[in-house]
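**Student:** Given next are the chains, with one letter for each unit.
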Amino acid sequence: MTMKNTVQAVALWSEQAPSHSITAIMITDDQQTIVTGSLEGQICLWNLSVDLKISSRAILFGHTSSVTCLAKARDFAKQPFVVSGTENGEMCVWNVTNGQCIENAMLPYRHTSISYYHSSFRMTGEGWLLCCGQYQDVLIIDAKTLEVLHTLKSQSSDWIICMCIVHSTRIQEDSLVAISVTGDLKLWDLSSSINSIEEKRNVYETESKSLELRNCQAVRFCTYTERLLLIICSDCWKIFDYCDFSILGTEANSSGQSFAGGEFLAANRLILWTECGHGSIYQLVNSGLSKVIYPADGGMLKETVTPQLLCCTNVAENKSFSYVMGFLNERKEPFYKILFSGDACGRISFWHIPDVPVSKFDGSPKEIPIAVTSTLQDNFNRYNSTPEGIIGHFYAAVTSSLYIPSLDKLVCGCEDGKIIVTFALHAIRARLLDDHSLLRGSLPHRVFEGHNGCVTCLLYPHTESDQFDPNWLVSGCQDSSVILWDVFTGEILQNFTFQAGPVLKLLVPPAGYKTKVHLSVCCVCSDHSVALLHLQQRLCLLHARKHLFPVKMIKWHPVEDVLIVGCEDDSVYVWEIETDILCKMEFQTYIQRHYLYRQQYRHTGTLERYETGEMAKAILTSCEDSRALMTDSVLFVFQDVQRVKSPSYKTSSSYKLGTLSYTLAHPEKSSVKSTDTRQSQSPFAILPVKTKWTSMNFHVLLFDLEKLLEYLLLSQVNGLKSINSFHSYDAVKSAKSSTEKRTLTLKRNKTAGSLYQMNGQAKNASDQSISMENNIVKSLEEGSVIKRQKKKSSKKASIPASTKIDINIICDTAKLLLSCLFPWGVDKELDNLCIKHLGILRLQYPVSFGLVSNESHVSLMLPGWNHANYDAAKEHTLKNLFSKKVMDLSNKYINVIQSGEKNTGNGTVGTEIIIHLLGKIFFVSRMIKIPVGSEQIGRNNSRQKLEPFRNKGKNSENFTSSFPALYGVSQQNRHKFHFHDTDHTSLEKLISSWRDQSVEVIEAVQAVLLAEVQRSTKTLRRTSISKHPDTKVKNRMREAHPLPEPDKTEELELQCLKDIPVKTSLTLETHDNSSKSAVFQEAENVPDKHVSEEAESADDVKPTPWMSKVCFCKVC
Amino acid sequence: MAATASGAERKVLEEEFKWLLREEVHVVLRQLQDILKEASKRFTLPIGAIDGQMKQENFILGSSTMDQVKGVLTLQGDALCQADVNLKMPRTNQLLHFAFREDKQWKMQQIQDARNHVNQAIYLLTNRDEKYQFQTGSEVLKLMDAVMLQLTRARNRLTTPASLTLPEIASSSLTKMFTPALPGDILVNFYINLNKLCLLVYQLHALQPNSTKNFRPAGSSVMHNPGSMLEYNNQRFEVSHVQKVECVVPWLNDALLFFTVALQLCQQLKDKISVFSSYWNFSPY
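In order, the protein sequences belong to chains A and B. Mapping to the numbering used here: the first sequence position 864 is 884, numbers consecutive. Mapping to the numbering used here: the second sequence position 155 is 776, numbers consecutive.
Treat the hints as calculated values from the structure; they're not laboratory data. On a predicted model such as this, the values are computed, not experimentally measured, just so you know. Take the hints with a grain of salt, since some may be wrong.
As the list claims (entries may be wrong) - In silico DSS-like pairs for lysine-lysine, Cα to Cα no more than 27 Å straight-line:
#1 B:K891 to A:K637
#2 A:K637 to B:K817
#3 A:K848 to A:K904
#4 B:K763 to A:K710
#5 B:K639 to B:K763
#6 B:K639 to A:K173
What the hints assert, rightly or not - Computed footprint of chain A on chain B; a stretch qualifies when at least three of its residues, placed anywhere within it, have a C-beta under 8 Å from a C-beta of chain A:
#7 708–715
#8 772–778
C-beta atoms are modelled at their ideal positions from N, C-alpha and C, and glycine is treated no differently.
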């Protein structure tokens, strides 16, 4: 849970919308959201306005296979949750207001239909999901936990293909009507079985009748008569009497289109729809009730209903296939009846169904036109105001891209075969921001020419494993060639050519593998062949071309030189990797199995074994840990990125000391939370996302707020008044002796030129944090020096740290994030102040944010997300406001924090304010995301902790006195974090009230940012008028005012500021003060909670030496 | 390759692709449907049979190496409607005989699922005959993916029997179907493995509560080896003997063959479509 709390995702859409072949569609109970599930596995949320306007809102990633069904998962008025089921058995509960994944599960069941059932007075818990699908009988799944509670059993079990819950006031019993694949109608009592089900007793159907219907599609109960049952088969539909299941009417399919579903419009009218998207309305001429009224028939099965076709719906001219449809009765207001459909091309269509449908005068059916229709692409065309790729318009369309975190480079492969390498951050800034200094044409870049066809995949193997030369870049092309480049010079080191169709994927074998695949990459081609390329020797080791089906999985045998290829038909091919032609004899024993054949290829590769079924599974599981999956799905890309972001944990042993420099954490801490993805090397990453069926789709920017803060603060602490705060920081972080470090940092401060040497020393030193900090302060030029040096050294075996955290980059990243978050267009003056003083820049267009629910569930806002928030007229003025609520929240926030405080937010240089703002954002986003319970505990604990500190503030050895600790340690140490935040009580209260009102994180963040920016710029204006060089005076002034809670960060800024001109000899002294000051401040803030307005409270606690040292003037 | 394709070349390719969608796809789909219908026939659907009575088939289950267990099973579609099991106890040489109760039959879920999956695949292909015009390559690919998914599942159901724990087998309602009732120390399980109908008979012996033997309950498995332990009804048992007898069901063999051929056909069609994709530069084709 930890990592996701601090990651802020921003989507960069391209002009092409992600493909979204709708396989399931529903409209939520509040009738404001359309939910669609797709073949690609994503779920889209669409806004539906009162006047039936459709605009896309968000796309939810998380499923790995196609969505088969959607259903509501709670009482919608209370919790706007929807559940989705997929082809491979994943289930996920989503909050449709913000796209958050509430719960997810993987069950071995493929559902085709889910119905939510809740009986508030008889049932404990959140209700049930009744599920049917490609398994026997009906499953009852807990709507909250997604665990299988029970099964509704049947005497002759078979798959249930459709069902509906019958709720009848007349019968006083909720029942489930279901039809099996063989056409048996089954009826289970629901409300009277609740107890039995909760006690896990067997529940069998109360009635079962063979209707001998084939290919049933849907069953519907008429709520108007509470009598009729509509059963729709692909070739006909029938009306049954619910009392005795006798047939009342039937109508065969005349159009040749298969029926897909239907619904009762009224007591004697019904609407049917087909797989081809056609709807038709029928009138039941003779009411089915007649038979009951005249029982003289003696229960004879006489057809008493004759349907008459009244109306037809019209399908759009752009024809698609496989439609899924639904009907919405009684739209709240205005009173509409709507037939809706979604098709394989991703088009949503709506039809108004008149309240009283009538046929034409001549009796022929009337045609109902489409009322509204929309696709994702329509929305993209309308709202996505920068319809260009990630690198702009210089080149042909980008077909593949790659982000190299260690170099901060973005590599884009284009349609015309060119590969463009740019600085990632520059590219993003140019793309997003209204930046005059960055002329878009002058984006620094390098073009690699070598491919003739479109570049299909890119790989930077050094990111995956340190063994690879950091110069190597591998690209695959549509013309079946693979080129090995020098990423720095653009030189072609080797060109491999196959005759195997487009290269689909480039993979790196697991790092632990030592023998022949060492320094090789795997290349999967579209003819299902796999090639193993040795990069060092520039040699194709193996080209395995026997596979009949697409490659699903590649594994390496841990001991022998064997490549194991798993295909989509579940067969397995075992290939011997040989660099020489001589076949090794020891393999003979390995081969003694059935299904075996060998085939020698020209010079590469011997098929050792071919297996299917159980044996294939056994082989795959035998090398569980050495695999590389073929993954197209976005989900894996997300997981991938987290893996990429934490490379130091993959194989800790194989990493050189130098690489340890990206981990900030303690050795013991890292071992405990070795899976924690938070330990990323860079607070910023670009994630190229490809969805099925399409080429390059879009990019996701990931900002790790916490990392960002950590690095910024560290650089502050280090770079400006380094030794001491470093020391204090270190005292918190590790118990190691700091003398060596101190000298190191000192050296660095004095001689920036000797950085590389420093780095070498750092490598020798066992403490990672030193080298990390060294890395942090490297400036751009220094970075490039290192790069060059590294290039040289890379020829020798070991490679130094590949990650350089460049403070300029970090700072730019922070500004970029703030630029994205800031509500531009709310206040013109404020906008200008921001641009002038904060260095954050206006956005070119509203940004699509993402919400990361957990490591595999992400929702991204789509272009047009903001359309529903305000009417079109106002749209261009309100540029980047997440919702109207933000202004409200922002004002509330200002009211809360303004209590008695006036002198904060001094107009300092950009960085400090940015740190301050980021700190606030971080705090708020964490607060909102923390579940209520844990936060309470945290608070209690911190109160307890607080006591001793209040009393003996000076004994603060283990107390976090510098801000890196404040924000950085917090993740591992929530209590500590909350400790610091207890002084935010009023703020905390406000934010937890926001959380209770389910204010979305992004709203809160934007509101706080707006408020804080307003505050800081206010003072900025003031300070620019009157500058006070006298620190003491200021401090006195400050003393007069109790410290308002958000001042912690500012305080640091002040300290930092003050330390700028101070010589190193002085800094030791200031350090002591600063560490104390933080303690005092903490202590002081305790009373602050109770009497926030009282000026004396500060004095009550302590005479404050820090006050005399602190200056908030930026000039002194 | 694609980028260098000349205009004329492109035109030819485009024509070829149109032909593929218009003609070739339907040829393949026709073939596919024929194969699947053959496969489906093997599962003898209950609906459509003339007298509503399905054909019954008898299978004599035996093993070449041992003769302790003999079984005569009667399969009717997806259900085992009769079963006669003769068991010679290993030590006492006592002969035991069990049969299904008259009123009971046992559904072979694997067969039922395989049948349903094939029928789903067939259903996907209905309405896609010569009259239907495919608009894009991706439409064909999507259809093939859906069909292949069903076929893969159908095949997997037959090739991978459920792995169960011993208590699951013991508590299964299968044990209650026999007359005379199975003794407490005997467990039976039926399943399909590839083309074979298999019967497993476990003989248990109770472990003494004060036994020094380290009790380790066995996990899920298709077949448990002697020595596997279980706890059921608060008593601990150990498997002493396992007997497996099996019999080839010819029509399952056919069905599996049809599945494999159909899958390959689908993949080939997909590959044909994909060849053209490279000329449309990875855009939706």
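**Student:** Please name the hints from earlier in the document that this structure breaks, with their numbers sorted from lowest to highest.
**Tutor:** Numbers 6 and 7 - these are the hints that the structure violates, sorted from lowest upward.
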